[in-house]
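**Student:** Protein chains in written order, with this note's numbering: chain A, 1 to 152; chain B, 1 to 198; chain C, 1 to 423; chain D, 1 to 384.
In case anyone wonders, no lab produced these hints; they're calculated from the structure. Just so you know, not all the hints are guaranteed correct.
List of simulated lysine-lysine pairs, DSBU-like, C-alpha gap at most 35 Å [as the list claims (entries may be wrong)]: (1) D/Lys311 / A/Lys91; (2) A/Lys138 / B/Lys182; (3) D/Lys46 / A/Lys79; (4) A/Lys89 / D/Lys162; (5) B/Lys45 / A/Lys76; (6) D/Lys305 / A/Lys79; (7) A/Lys91 / D/Lys361.
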Amino acid sequence: MKIIEMVRRFLLIDLLEGMWVTFRHQNPSDLVTEQYPMNRPEISDRFRGQPRLVKDENGKLLCTACGACALACPEKLIKVGSLRDPETKKKVLTDFDFDLGRCMFCGLCEEACPSNALNLSSGYELALYTREGLELGKDQLENGIQGKVYDK
Amino acid sequence: MPEVPDGNPPNPVPAQAATTPAAAPAAAPKPVPQPWDCELVQQLKNSYGSGIHDAATFAGQNYLVVDRAVCHDVLLYLYQQLGYTSLTDLTAVHYPKDELPFEMVWILFSMAANERVRVKARFADGESAPTVTDRWVGANWMEREVYDMFGIRFTGHPDLRRILMPDEWTGHPLRKDYDPHKQDEVWVRKNLGIESGQ
Amino acid sequence: MIQSILRYLHSDVTPGVAGNLFWVVVYVLLVFAGISVGVIFMNWFERKIMAHMQVRMGPMRVGPHGLLQPIADALKLIIKEDLMPANADKIVFWFAPVCVVMTAFCGFIVVPFGPTHAITDMNIGVLFMLGVSSLGVLGVIMAGWASNSHYPLMGSLRSGAQMVSYEIAMSMTVVSAVMMTSMATGTGTLSMIGIVQAQLQQHTWFAFSFFPVGLTALGVFSIAMVAETNRAPFDLPEAESELVAGFLTEYSGFRWSLFFLAEYAGMIAVSSIATTLWLGGWLRPFPNLLGGKNWDTAFSLVPGITFVALAALCLFYFTRMPSIRAMRADARGLAAFGGVLGVIGIVMLLPGVRVRVQDIYWFTLKVGFFMYLYIWYRTTFPRYRFDQLMKIGWKVLLPISIGVVIMTALIGVRQELLALVWR
Amino acid sequence: MSDNRFYDSPIEEVAPGNTFLDSNELVLNMGPQHPSTHGVLRVILKLDGEKVNGIECVIGYLHRGIEKVAEHRTWAQFGPFVDRLDYTAAVSNSLGYCLAVEKLLGVEVPKRAQYLRVILTELCRLASHQVWLGTHVLDIGAVTPLFYAFRDREDILNVFEKYCGARLTTHAFRIGGCRWDAYAGFAEQVLHICDDLGPKIDEYRDLITGNRIWLQRTKNVGVISAEDCIAYGITGPVLRGSGVEWDLRKKQPYSSYEDFDFDIPIGTAGDTFDRYVVRVEEMHQSIRIIRQATEGLMEGPIIAKVPKVIKPPVGEVYVSIEAPKGELGFFLVSNGSAMPYRVRVRPPSFINLQALEKMAKGSLVADVVAIIGTLDIVLGEVDR
């Protein structure tokens, strides 16, 4: 056994084996790079991305302004403003601001909501040019952040 | 055991035959501390007598509450005689309302018996605790961190300095009376020259 | 004017020897431009090959398949701020890159791209090249010292020690190659063109003469040359993980690009020594075995065919380009590039051009092979520690190279020895 | 313990009186910004040429005060913060925390949830070891294995994204079990990962383990004996590399690890190479566990009955699990309120990092980099 070991060592076999591994990886079918704007990654439906206020089929917000999400959020970045509607004695949502700058997308607000009104959708292009832009208002939460779509 | 005033044993639990540490009854929703009594505790009791304040089990984990004067010897005793060779963790808890506010916790572990025990001792504010780096070298950084976070000095520690906070930081963050909002004003103003943004 | 050019083209001697100053300047500019294009291509080639070996694509954004990436890099480096550390030693800091680049390019005076395609044919060609290539260490140590900070100082000291200790192993193997040149004519020659002609007369590349000795000499030289240019397993001076960027840490902008240029030029210089000495410089494969008129024409077609093949490859990729609006400029760029390659290929097939170009083609092909090896080493091997590097330099490569010299000598004079023994 | 602190506070100037540097020594600052310190660790080296005479670590650059934050959050709200401890192994951190709170509550986690947790934690161990392999080999100079390791890690991150919606800071478990059930095609995807990861790990063997340069760079570098490991309180692959057969998953099984059979790889010499072999072998064992757990996944509820606002009884509990870096423990003190009274994290990297000073003394600069890599520290866990 010693001789084979010696010959292998002398003929640099172990180095050549390593070189063969890297050479073998050159065939184009192995390439895994994903060129971002053109081929985008496919996102799973449970992805916790951009927060959205869900609407039912005729466009009314499901949110009943109960504030459970504001309580559940570890960063306390949700503020729910509501008015007491005189006839129906029920709270009506007036404004709902969500400070995306401090959000860590943990999904606790989504879990706490009794009426599944708040949902972290699969939008992941949230970069903006100003920090203030990150404080999302009610309308931004309804129809999402309209960032510039790059194609190249 | 936070509210237990020092010196007397915890209020006796409703009499239960606690010869062997009863595992937390699966059905009982909330585990309750039972007194822990076995051959090891006997040895400690007859060698240290009043030093051992309490030996109990909570949710299946045994712990000893020990007097601060005798805690170092108990640790060495556990190390030499009873085979608890490795120190898993060393930390402190701050109970501001008690007269001995700082509770040091040593978690010892014996690989041979696959057993873990917690030794706890109470210290007054500003009083220094004995170091265990002579026996376990790994305690060096843990003690530095307890000093950095709680301000408990350790006698005999080779190099007691702050480890996580900047060196000239004032105050000890993990104390209960340390308000997280006004903590860094001095340091930020001095080093960065701006008002802290808290 | 045209007469002198035509008359010169038929002369069979290098401009330096012919003493024609005009032609020397032309050749110097040609070689300088050729090496710079080689460095630019090498920059793109290394990034692409390394990327493919690491299952990624490499530069794809700047120009089609990243073809404009080297130009973009060069532009960036020129525009970038070129700062000098506060209490650095100003003159030495400024002179270090100049010295390194000068020595790197100085070596190309004697490199023979063809029987007459060399700036000059010094009769001590190899000695001159080795001497100049060891001057590069000076620039590196100056850079390390002048940056006045810990990392560069350590990096330059490491590089100095490394270059010195591998210099000896290299020159020993060169001695063995030069000794081989004296087999046929009885008197060896140090001139690079002379060495290649000796290989032609002996009908064999020196790598394959005296079977084990030539190959071991080439092996030792190729390992030593990698260490000489601080590359791959021996790239300790600029080992990112320990010394951040070694002696280059304080350099930025244009000065850094000079070091970069010098490193690649050094690599090309050292590989051209290896090709000239062991792989028969500009000789086409099997010049004697497959000699004769038609074989010559067949081999002279090869350069043209390769360029046309490259053009076809570009057009093939042009068709596979995604047809979205943003990629249209890239697609057209690729088509234009393919066109240029096609034109070059066709020009090379013309009989007049064919004969002259094939020498340069075979030489660059062999140097290209060594370049590919450099990249291959860099992707595959971890880095040696400094003391192991020294151990290999002194305790492994040096004895083997001395052994190679002794073996060449013994095999060279074997008849006389046998005659002596039997008489 | 010898006083290896050769330097006053690194920030104060050295007093002229106490000269700690003789003429040919040099203090090199492997500062917080350094390509191979795996995060913001600052190592001060006292060098004599290449040899390291004195070494001191300065940490705290990534201190976010997670233990103070815990005292102002409810038990459930502290879940996402635990992912930020060892950010390469977020799932096993949250497993440790959830197990600790469940022991405090005395809650029994349903079997299916335990199996789901084992599958995801072992996948997370694979991902963490792949990050370690990529960066450790990159520090020693081989550039390519990083890309192969991260390419294989991508499939595991896709499973996390499909299961809980995030790739790195997963926040996958809740106190009492799991929040989501296995999505359709979970078992097939996980088994596919097990099948094609085995041969890929063997591919690294040709590229690295056999390579003589790698052997020379790692054999008897950063040697630490078993007694020193126990004295330093070192746990995890570093301890097993020194020959001590100790793995919490075997010795104190939690979350139904006792149902699976796997063996614990141990090294002999306690050097960088043995720890490398131990970790690579551990990846194979993790694949075995995942395969058995996926095949044994039975039907059933995925979360125990836990009140909406968790108020554990007064008392304290210390629970530790075998995280990829070592024994990760949570010492929770509860005073009966909805917010923890004290959360102490027993960070394996913090305690293992102390051994750097003993291992690296007398070695060369290049070895210090290799030793930091073999200790596999993550600064999120060291600084907390």
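**Student:** Can you confirm whether the C-alpha distance between A/Lys89 and D/Lys162 stays at or below 35 Å?
**Tutor:** violated (42 Å)
**Student:** Check whether the Cα positions of D/Lys305 and A/Lys79 lie no farther apart than 35 Å.
**Tutor:** holds (30 Å)
**Student:** Within 35 Å, alpha carbon to alpha carbon, are A/Lys91 and D/Lys361?
**Tutor:** Judged against 35 Å, a Cα distance of about 68 Å means the pair is violated.
**Student:** Starting from D/Lys46, check that the Cα of A/Lys79 is at most 35 Å away, please.
**Tutor:** Cα-Cα ~54 Å, so violated.
**Student:** Going straight from one Cα to the other, do D/Lys311 and A/Lys91 come out at no more than 35 Å?
**Tutor:** Between D/Lys311 and A/Lys91 the Cα gap is close to 30 Å, so the pair holds against 35 Å.
**Student:** Assess, step by step, whether the Cα of A/Lys138 is no farther than 35 Å from the Cα of B/Lys182, and give holds or violated.
**Tutor:** Status holds; Cα separation ~33 Å.
**Student:** Quickly compare the C-alpha distance for B/Lys45 and A/Lys76 to 35 Å and report which way the hint goes.
**Tutor:** Answer violated: B/Lys45 to A/Lys76 is near 50 Å, above 35 Å.
Going through the hint list in order, the structure does not satisfy hints 3, 4, 5 and 7.
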